[in-house]
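The opening residue of the sequence shown carries number 1 in full-length UniProt numbering; numbering runs sequentially from there.
Incorrect hints may have been included.
Label pairs and their in silico Cβ distance ranges [as the list claims (entries may be wrong)]:
(1) Pro459 with Ile630: 28 to 34 Å
(2) Arg228 with Phe598: 55 to 61 Å
(3) Pro459 with Lys69: 54 to 60 Å
(4) Glu616 with Lys362: 33 to 39 Å
(5) Gly665 with Glu616: 15 to 21 Å
(6) Lys19 with Asp101: 26 to 32 Å
(7) Glu540 with Lys19: 34 to 40 Å
Computed list of lysine to any residue pairs in SDA-like fashion (alpha-carbon distance at most 25 Å, straight line) [as the list claims (entries may be wrong)]:
(8) Lys159 with Glu506
(9) Lys690 with Gly665
(10) Lys500 with Glu473
(11) Lys558 with Val525
(12) Lys221 with Pro460
(13) Lys268 with Leu419
(14) Lys534 with Lys558
(15) Lys274 with Phe110
(16) Lys227 with Gly215
(17) Lys236 with Glu219
What the hints contain is simulated information worked out from the structure, not anything from laboratory work.
Just so it is clear, CB atoms sit at the ideal spot from N, CA and C, and this is done for glycine as well.
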Amino acid sequence: MADKLVIVESPAKAHTISKFLGKDYKIIASVGHVRDLPKSQMGVDIENNFEPKYITIRGKGDVISKLKKEAKNAKKIYLATDPDREGEAISWHLAYLLNIDSKEKCRVTFNEITKNAVKNAMKEPREINLDLVNAQQARRILDRIVGYKISPILWKKVKKGLSAGRVQSVATRLICDREEEIEKFVPEEYWTIDAVLQKKDEKGSFNAKFYGKDGKKMELKSEDDVKRILENIKGKPFIVQKIKKGEKKKSPAPPFITSTMQQEAARKLGFSTKKTMIVAQQLYEGIDIKGVGALGLVTYIRTDSTRISDEAQQDVIQFIKEKYGEKYLPTEKRVFKNKNASQDAHECIRPSQVNMDPDSIKDSLTKDQYKLYKLIWSRFVSSQMASAEYDTISTDITIGDYTFKANGQMLKFPGFTVLYQESKDEEGEEKENDIPDLIEGEELKQKKIEPKQHFTQPPPRYTEASLVKTLEEKGIGRPSTYAPIITTILARGYVVKDGKTLMPTELGKIVNDIMKTYFQDIVDVEFTAQLEKKLDDIEEGYKKWVDVMQSFYSPFAKVLEEAEEKIGNVEVPDEVTDEICEKCGRNMVIKMSRFGKFLACPGFPECRNARPILEEAGVKCPKCGGKVYIKKSKKGKKYLGCENNPTCSFMSWDMPSKESCPKCGNFLLKKYLGKKVQLKCSNEECDFIKDGERKKEE
Numbered sequence: 001m002a003d004k005l006v007i008v009e010s011p012a013k014a015h016t017i018s019k020f021l022g023k024d025y026k027i028i029a030s031v032g033h034v035r036d037l038p039k040s041q042m043g044v045d046i047e048n049n050f051e052p053k054y055i056t057i058r059g060k061g062d063v064i065s066k067l068k069k070e071a072k073n074a075k076k077i078y079l080a081t082d083p084d085r086e087g088e089a090i091s092w093h094l095a096y097l098l099n100i101d102s103k104e105k106c107r108v109t110f111n112e113i114t115k116n117a118v119k120n121a122m123k124e125p126r127e128i129n130l131d132l133v134n135a136q137q138a139r140r141i142l143d144r145i146v147g148y149k150i151s152p153i154l155w156k157k158v159k160k161g162l163s164a165g166r167v168q169s170v171a172t173r174l175i176c177d178r179e180e181e182i183e184k185f186v187p188e189e190y191w192t193i194d195a196v197l198q199k200k201d202e203k204g205s206f207n208a209k210f211y212g213k214d215g216k217k218m219e220l221k222s223e224d225d226v227k228r229i230l231e232n233i234k235g236k237p238f239i240v241q242k243i244k245k246g247e248k249k250k251s252p253a254p255p256f257i258t259s260t261m262q263q264e265a266a267r268k269l270g271f272s273t274k275k276t277m278i279v280a281q282q283l284y285e286g287i288d289i290k291g292v293g294a295l296g297l298v299t300y301i302r303t304d305s306t307r308i309s310d311e312a313q314q315d316v317i318q319f320i321k322e323k324y325g326e327k328y329l330p331t332e333k334r335v336f337k338n339k340n341a342s343q344d345a346h347e348c349i350r351p352s353q354v355n356m357d358p359d360s361i362k363d364s365l366t367k368d369q370y371k372l373y374k375l376i377w378s379r380f381v382s383s384q385m386a387s388a389e390y391d392t393i394s395t396d397i398t399i400g401d402y403t404f405k406a407n408g409q410m411l412k413f414p415g416f417t418v419l420y421q422e423s424k425d426e427e428g429e430e431k432e433n434d435i436p437d438l439i440e441g442e443e444l445k446q447k448k449i450e451p452k453q454h455f456t457q458p459p460p461r462y463t464e465a466s467l468v469k470t471l472e473e474k475g476i477g478r479p480s481t482y483a484p485i486i487t488t489i490l491a492r493g494y495v496v497k498d499g500k501t502l503m504p505t506e507l508g509k510i511v512n513d514i515m516k517t518y519f520q521d522i523v524d525v526e527f528t529a530q531l532e533k534k535l536d537d538i539e540e541g542y543k544k545w546v547d548v549m550q551s552f553y554s555p556f557a558k559v560l561e562e563a564e565e566k567i568g569n570v571e572v573p574d575e576v577t578d579e580i581c582e583k584c585g586r587n588m589v590i591k592m593s594r595f596g597k598f599l600a601c602p603g604f605p606e607c608r609n610a611r612p613i614l615e616e617a618g619v620k621c622p623k624c625g626g627k628v629y630i631k632k633s634k635k636g637k638k639y640l641g642c643e644n645n646p647t648c649s650f651m652s653w654d655m656p657s658k659e660s661c662p663k664c665g666n667f668l669l670k671k672y673l674g675k676k677v678q679l680k681c682s683n684e685e686c687d688f689i690k691d692g693e694r695k696k697e698e
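Take these sequences, add in the hints, and give me the full structure.
Structure follows, in C-alpha cells:
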C-alpha cells in the first residue's frame, strides 16, 4: 500500500503525475474546489471582520469521504494543486478538511508537469502560503459582497434574476462606453491622392502618396482641394527630389502570457477565451503521447510573466541552432521585461519540451489541441530567434510645388518570421511597395493618378481579443479571470456577440447606466485597478486582507443606502419582431433565458407560445424549396436544416457558399478539408464537386 498521498485538482493531472511517481505514491483528485461560500446566503459576517462562512460544496460528499479515507491511511500528504492563488486556496481548504497542521510542509508546486519538474517539487515541500490564500479569499469575499448587496436592488428596481459582479460590471461598462462613442461619432470627410509611377525604361510601377505643398504637410478636406491640386499639376513632370536608404530590424514578440495567448488564439484560430483556456488546461495537465506516455506539454497557463528559465532558454537556443543554423540566433540572449514585477513567480507559457515539435505529436492530439500547442510552441521558439532585417527606402517626389512620398521595404533576412508573425487587431496594413532603384533628379512616368474620398471611422467594437488586451492594459482582473469575465457578461445577457464583435444589449445598457449613476466606484476603471493592486499587495504580504476589506466596505455601505432610496423602478422594453405568433396573432418579442435568446408571445400567460430564433441561411432547400435555417445541435455545433423539418429531411453540417451548381442550380456547400475547400452540390442526387479557394487565416 502507498504510504504517500498526493492530491491534485483534476483526474487528468492525477493520471499524468501517476506516471512519474513510483508505487509509494497514491495520486487522487479533489475535482476542483471542495469548500466555498454558500449560494443561499451571503456567507460573510461583515460585523465580525468579514469572517467567511465556508461550507462543503454540494455534491462533493463522496469525493471528500474518499479523500479522508486515503488521508487516514497515508503517512505523508502532499497538496499539489495549481501554482497560483486559486490553487493555494484549494490546498488550504483541503488541509482544513483533512486536519493537516498549518505548519506542516505539505505544499508542492510545479510550473510544468514533466517527470523532472514533478520529482524535484516532491523533494521540496513547503508550508501553505497564507498570503496567497488571503489574497484569493479577499477577492472572493469582495465579489460576494458586491454581488449579494447590489443584485437584490437590481431585482427590485429592474428585473428579477439580474446580478452585478465587481469586475464584470467594469467590462460591461467598457463595451457600453465604446458603443456610445460609436453612436455619437460624426464622420469627417478627407481625401487622398495616390500616384502610380514608373521609371521611364521599366515596366514595374510603384505607389506614391500625396504629402503636401512646399515641403509642408497638407490635409485634403474636400473635393475642391483635390481638384485644385490636380489642375495645378496637370502636364507637369514627377521628379525624384530626395532618396533615403536605410535598414530596419524587427524583433520577435515575447513568449505568451495568459492575455496574449487568448488574444492570438482569438485572432489566428477563432477561439473564444473560454475555449482557449479549456484547451490550454488540457495541454498543461497532460496528454498521452504515443511512444512517450502521459506528459504535460506546456507550462502553467495562468501567468503575467514573460520570464524564461535558464534551462528552457538553453534548450531552445540549441534547438534553433540545430534546426535553422547559428545565423538564426540573436547576438544576445533575449530577456523580456514584465509589466508587473510582483507577477514574476511563474514563467511564460511555453512548451515543456521544445524538441517535441507540434507535427511530430499531431496524431496524439485533438484538432484544437494541435492548433493551440502549435501556436504556443511557434511563439516561444520564435521569441528566441534573430530579428528580421529589411532594407528600407523612402523618397520625396515633387511635381510643381507639391510633394508625393513613397516608402518601401524589402526583406533581407527573415529571422524569426520563418516561423511566426504576430497578428494585429487593426486591419488595412500597408501593402508591399516595390520601389525600383531611383536616381535623384530623374523624371518618372505617370501611369495613373487616383484621388479617393474617405470618411473617418468610429472606434471599432471590442472583440474578445481586444477586450482582454484592454482589461490587461488597464489592470482589470488577472490571468485567471479574463475568460470568466467574458463568459459571465454574455451569459447574463448584458452583451451579445455579433460575429466576432461584442455589443451591449438594451438590458446591458440599462444596468450599466444604473451602475454608473449609483455605484460609480464599482464600475470605475481606475478604482478597480487600484483594488487589484491591493489584492497583489496582500499576496506579497504588504497589506492585511481585513484592512483592505474595511477600506472598501465603509464607503460602499453608504452608497448602497443612497441607491436603495434613489433608484426608481426601471422597465426593460422587450424587442418587438416582425414574427407573428401563430396562436394569437400578436407580434412576438425577443426574450432572454440562460440558454440565450428566444421568441416569445407578449400575451403571456394567456398565450404561452415560444420558439427558438433561427438564422436564415439565404438559400432554398434542394429537396422541397423551403427556407433553410442555420441551427445548432445540443453541443452548439452549427448545421443547416429545412423549415419544413421533420416532413423534409434535408440537413447538412457544411455551410452554404455564394455559388450555385452549374448542373442543377441548387446552392453549393463548403466542405473544409484541412487547408483546402471543396464545393459540392447540396442536392444529394447531383454529383457536382469542385475545388474552392480558402481565405487566408487572419
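Here is what the structure says about each hint:
1. Between Pro459 and Ile630, the C-beta spacing of about 30 Å keeps the proposed range 28 to 34 Å intact.
2. At about 58 Å, the beta-carbon gap between Arg228 and Phe598 stays in the expected band of 55 to 61 Å.
3. Distance hint check: the CB atoms of Pro459 and Lys69 are about 58 Å apart, consistent with the given range 54 to 60 Å.
4. Against the hinted window of 33 to 39 Å, the Cβ-Cβ separation of Glu616 and Lys362 comes to about 38 Å, which satisfies the hint.
5. For the pair Gly665 and Glu616, the supplied restraint of 15 to 21 Å holds, since their beta-carbon distance comes to about 19 Å.
6. Lys19 and Asp101 have their C-beta atoms about 30 Å apart, which keeps the hinted 26 to 32 Å range intact.
7. For the hinted restraint 34 to 40 Å between Glu540 and Lys19, the CB-CB distance of approximately 35 Å keeps it satisfied.
8. Between Lys159 and Glu506 the alpha-carbon distance is near 13 Å, which keeps this suggested pair within the 25 Å criterion.
9. With a CA separation close to 15 Å, the supplied pair Lys690 and Gly665 stays within the 25 Å bound.
10. With a C-alpha separation of about 21 Å, the suggested pair Lys500 and Glu473 falls inside the 25 Å cut-off, and the hint holds.
11. Among the hinted pairs, Lys558 with Val525 is consistent with the structure: their alpha-carbon atoms are about 20 Å apart, no more than 25 Å.
12. A C-alpha spacing of about 23 Å is found between Lys221 and Pro460, which places the hinted pair at or below 25 Å, so the restraint holds.
13. Between Lys268 and Leu419 the alpha-carbon distance is near 14 Å, which keeps this suggested pair within the 25 Å criterion.
14. Proximity of Lys534 to Lys558 is assessed by CA-CA distance (about 21 Å); at most 25 Å being required, the pair is judged to hold.
15. Taking the CA atoms of Lys274 and Phe110, the gap is near 24 Å; set against the 25 Å cutoff, the hint holds.
16. With a CA separation close to 20 Å, the supplied pair Lys227 and Gly215 stays within the 25 Å bound.
17. With a C-alpha separation of about 22 Å, the suggested pairing of Lys236 with Glu219 holds against the 25 Å cut-off.
Every hint, counting from the list given before, is met by this structure.
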